[in-house]
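> Each chain is listed here by its residues.
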Amino acid sequence: MRLNASSPWIPLALSGDIPNGTVIPATLCSKPIAIWRSQSGQVNANGNRCPHRGMRLSHGFVRGETLSCIYHGWRFGQDGACQHIPAHPDVVPPASINCGPLQVAEQDGVIWVAEDQVESQPPRLDGLKPLRSLVFCAEPEAILTASGGTEVDLGVEATLAGTRICLLLQGQAPAETLCLVLVDQATSPKACAEISRALEGIRRRAEGETEKRGAA
Amino acid sequence: MILYDYILSPSCYKVRLMAALIGAPLELRPVDFHPGKEHLGEDLLALNPAGSIPILVDGDLILSESAAMLAYLAGQYAPDWLGEETATSRAMVQQWLAFAHRLTAALGGARLVEMLHGQGDLEALQTAGIAALRELEAALFKRRLDGGTWLVGESITIADVACFPYVALAPDGSISLDPYPSIRLWMRALRGQAGFVEMPGIHRRHELAPDPLTPAEGA
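Chains A and B, in that order, give the protein sequences.
Here the first sequence stands for residues 1 to 216, where the numbers follow my numbering.
Here the second sequence stands for residues 1 to 219, where the numbers follow my numbering.
Hint data in this document are derived by calculation from the structure and do not stem from the laboratory.
Just to be clear, a hint being listed does not mean it is correct.
[Stated by the list, open to error] In silico lysine to any residue, SDA-like type, Cα no more than 20 Å apart, as pairs: (1) B/Lys142 to B/Pro179; (2) A/Lys190 to B/Arg143; (3) A/Lys190 to B/Glu135; (4) B/Lys142 to A/Gln185; (5) A/Lys129 to A/Asp108; (6) A/Lys190 to B/Pro179.
[Unchecked claim] Listed next, with one range per pair, are the computed distances between beta-carbon atoms: (7) B/Gly23 to A/Gly64: 27 to 33 Å; (8) B/Pro210 to A/Asp90: 18 to 24 Å; (9) A/Gly64 to B/Lys37: 45 to 51 Å; (10) B/Gly118 to A/Glu115: 39 to 45 Å; (11) A/Ala186 to B/Ala50: 53 to 59 Å; (12) A/Gly54 to B/Ala105: 32 to 38 Å; (13) B/Ala91 to A/Ile97: 51 to 57 Å; (14) A/Arg197 to B/Glu154: 22 to 28 Å.
The beta carbon of each residue, even a glycine, is placed where N, CA and C say it ideally should be.
Work the whole structure out from these sequences, hints included.
So this is what it looks like as structure tokens:
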């Protein structure tokens with residue numbers, strides 16, 4: 001399965017899972033990153049390692065338009081540059097201290113990150129709305145099979161509980177796949193709950209398949 | 001009310017956290033759990049023959065189960081935290097209190113193996129822990145669909161407090177919390193409650209304190 005072959009944008013989180021003033025860990029092409037949303041609602045992404053002592057920045061906290069490291073409070077702006085070092089309050093941090101900012105886009109309720117600078121926009125997800133994100137301990141192929149759906153550029157399209165769904169799949173590690181689930185825009189809350197339950201079943205089947213293959 | 005307490009015990013923390021959140025007075029009596037094994041000494045075995053901590057003593061009442069302690073504190077000082085007085089709500093609170101035992105066995109078990117070189121099948125404990133976290137994530141996602149934040153009903157209950165510590169400390173047992181966005185949001189809401197207290201491994205939300213870089217108004 002060649003995932004997302006035509007676009008440099010990688011779908012890594014659902015907008016609703018990162019409210020204003022929060023940070024989450026994510027994996028971009030097997031590299032750990034932090035995705036955070038400022039108080040004003042701007043989404044940012046950067047490496048998940050504080051240049052000071054290597055602490056995961058996703059353990060940190062968002063204040064205003066900045067991300068702070070939990071360890072010694074080094075504070076980073078949306079451009080990734082260190083703005084403030086609490087232990088040396090009068091020092092203006094040199095521009096070389098930064099946390100590796102990444103290009104990020106938010107579109108159709110999905111947060112997309114690119115490894116390199118790109119001019120294009122992420123692909124559109126017409127007629128769909130985000131539901132939930134799950135991690136499968138399985139390869140994308142096993143998820144395709146378990147869902148009974150068809151392969152599309154971004155992952156899998158299938159019908160679940162009578163509703164059209166789309167699974168954006170992203171391999172994070174061997175036998176570990178992030179799955180962002182989108183459903184038809186018109187899906188009712190009740191049907192959303194049904195689909196969420198049915199997804200757990202797809203995960204059980206996909207993981208069972210992966211285990212069998214691992215044992216063989 | 002005296003709590004026989006150990007700072008690194010998530011079960012003791014449940015009771016400290018509950019008391020702090022509802023403003024209940026609690027006298028702490030530190031127990032030398034490790035390395036002293038004071039909980040297995042004559043004095044504490046006389047209070048609790050099971051040899052476990054926490055132990056809560058209030059006059060003649062002696063409790064040795066943390067879920068019972070949460071119910072007692074809430075009953076005394078904040079009955080709202082017991083949930084609504086409907087059959088469904090009461091059953092759901094009991095459901096999550098019992099579920100919290102699974103968290104203790106699986107996530108707590110993995111944590112003991114990893115942190116205190118305890119005995120046990122780490123892989124089996126982690127597998128059971130992940131199964132429990134997935135169940136919690138699915139339930140909390142369902143609550144989000146309904147516009148809810150907490151495990152039961154419209155406001156926080158003892159069910160949330162009972163489940164929170166071992167979940168938050170899952171990484172101590174080498175179990176990642178990264179795959180669970182709904183659990184992350186639920187923990188964030190709990191850590192944002194007035195009166196929230198920390199324990200080693202569970203920190204407060206620093207962004208809720210005034211920004212030291214922003215001069216206070218009127219200063």
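> To test your reading of the hints: which numbers does this structure violate?
The structure conflicts with hint 6 only, although it agrees with all the remaining ones.
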